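Could you put the whole structure together from the sequences, leaning on the hints where they help?
Protein chains in written order, with full-length UniProt numbering: chain A, 1 to 378; chain B, 1 to 378.
No lab work stands behind these hints: they were computed from the structure.
As the structure is a computational prediction, the values presented were derived from the model and not from experiment.
Mixed in with the good hints there might be a few duds.
Copies of one chain are not kept apart here, so a pair can be met inside one copy or by any two copies together.
Below are the EDC-like pairs computed for lysine to aspartate or glutamate, each with C-alpha atoms no more than 20 Å apart in a straight line [claimed, not checked]:
id, residue 1, residue 2
1, 88, 276
2, 91, 364
3, 311, 173
4, 291, 308
5, 91, 273
6, 333, 84
7, 261, 297
8, 234, 12
9, 110, 301
10, 88, 337
11, 333, 48
12, 2, 39
13, 136, 343
14, 91, 276
15, 291, 273
16, 143, 315
17, 236, 95
18, 110, 319
19, 269, 112
20, 311, 95
Protein chains: 2
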Amino acid sequence: MKFIIQRDKLTESVQDVMKAVSSRTTIPILTGIKIVATEDGVTLTGSDSDISIESFIPAEEEDKEFVDIQQTGSVVLQARFFSEIVKKLPKDAVEIEVSNNHSTVIRSGKAEFNLNGLDAEEYPLLPQISEENVFKIPTDLLKAMIRQTVFAVSTSETRPILTGVNWKLEDNELICIATDSHRLALRKAKIESGVEETYNVVIPGKSLTELSKILDDTNDLIDITMTENQILFKAKNLLFFSRLLEGNYPDTTRLIPTESKTELIVNTKAFLEAIDRASLLAREARNNVVKLSTLTERMIEISSDSPEIGKVIEEIQTDETTGEELKISFSAKYVMDALKALEGTEIRVTFTGPMRPFLIRTPENESILQLILPVRTY
Amino acid sequence: MKFIIQRDKLTESVQDVMKAVSSRTTIPILTGIKIVATEDGVTLTGSDSDISIESFIPAEEEDKEFVDIQQTGSVVLQARFFSEIVKKLPKDAVEIEVSNNHSTVIRSGKAEFNLNGLDAEEYPLLPQISEENVFKIPTDLLKAMIRQTVFAVSTSETRPILTGVNWKLEDNELICIATDSHRLALRKAKIESGVEETYNVVIPGKSLTELSKILDDTNDLIDITMTENQILFKAKNLLFFSRLLEGNYPDTTRLIPTESKTELIVNTKAFLEAIDRASLLAREARNNVVKLSTLTERMIEISSDSPEIGKVIEEIQTDETTGEELKISFSAKYVMDALKALEGTEIRVTFTGPMRPFLIRTPENESILQLILPVRTY
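Here it is, written out as structure tokens:
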């Protein structure tokens, strides 16, 4: 194998596939990056067996030459060293040449690295996914749907299924749900798909977080294919495979209250900042709990009390407060996470009593919903 | 005590004095910030007994009002909570009022915090330093002298005196020296002082690092006063006290070679980047060692070899290579630290053989010197 490649293109691809490489793997060769050169270009692959990422650098694109392939071939190089080296090479052109015994020379300017490589034949094969039943979603919408749900997955392995996000595809609608059993985030969107089958899968939260980091903020369409145990996201020059979680995701529809006894509409930023301030003293004591009380038609109060440190109290004007009087306590962190996930300058919060889950939404928008369980303090 | 203060001024002062506050202190009241309001303004103090910082916010300055003092007095507030609260207050004006039992109300907009305070009388007094024998140094020069030496102090407590920087003041010259016994950094400068006495003190490296963070990049003069066990830096509205280290600093003058057998002049950036690249593979093996070999009159080679990973070799053009041929090994980290501390596009490196300490300086500038001990590899 021998080729000359543009450093910036190589750096970018290496950084993408590195997102799948873990230093803590039981399969030693997976600490490496697989490099394959064909007449068409260079393909890099990184994997930790849960996530696999393949990035392709075409030899030519739109009349620009990115790679000069002089001899096809393949090798696996230690990911940590290779990625560090590529970043620090002195010149724009990089020559990579594999000689005997997979020993690989990386040349740029007057710097010459010689890395011990491994046989690419030993590298595990990627899942084979037939590209039937593909549905498409714009990249920016996909990133928004991930961002607005993935923070709510469970970080505990007690119920492994809750560490994933539940994706349901039915009647050309995609519904994403995440819950750690203290709060729930739900986001849905109409999808243009020719897929007639319904799907109900659970994608590891970590996979979605890594995918989101790699994708650019464009509205280019991403192709998505699901099988029984894998999901494949296909963007331009990029394949992202993730294992799916096994097991049934709990039915969460009955958790979501349909009635409401108290409702308020309030400026998102003012509400978020007041809760942030109230939580400053609550962080030490009692698991970050703050209290909300309705005062008058257009005023609520956010407060917190930590006897050893002090207390804080703040009034916020609302656009509207309707229904029953209410005093309720909740985790400041959960409410702040939910508020940050919502878009829009105003939010609508609906309560059905101090012991029942409450909902945070943006007014007039049913596609996103955040549910929080209160904390019993009275 | 009651006053209304500008939030930005308060935030800045709190951040400065926080640099001295440690959460790991044996004196509980030192986890707090002392606040004293007089007719002239508000003084904040933070201390960990090694370092003490006092920041003053004048009631008025240049016809601008920063504080409206309504009642003089004092209190000590928990530093961690107070600093977080101040940063997140909603409005530009902040009212602070101490009521019964040192309980303190902090009001801004509609937010009201109530913090349990402590009696300021219980707070330790700052060292009393008579301001005789003051010498002055521009802030930017002081910061440069700290930056160019403090990185070379020892991080090990085996010889506590080496965790400090040795400052010697004699004949209107200030000499700063730091060494961890593997490398040494020396910086000197002419100082305009009326001080006739000579001083020889050792200042903890940590104190100088914190001082450097607080000082702005101006050429305003800083007043410096040394006593037997304390040093005081006095800037506008700021006092910075540090304990001095006890014991005699080793005499380092005999360590510095006066002759030279091989000398090279090379571009700083090219030299630094080549060593950085060579060290990529060396980080794992043998303590980050790279090798330098003279090749021809205008060419040297930087290399490193880690049998399990691979090897790297790079040629660098020099402006001049004179004297004996040389092969020498050294810690890449020490040389990179030294190169980053030097100013100027070119550096002069002088060797007296592969087993002897070598010197890195900027050509034509005797005020700064970096000495490195080689590593035995042949």
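Could you work out which earlier hints the structure fails to respect and list their numbers in ascending sequence?
2, 3, 11, 13, 16 and 17
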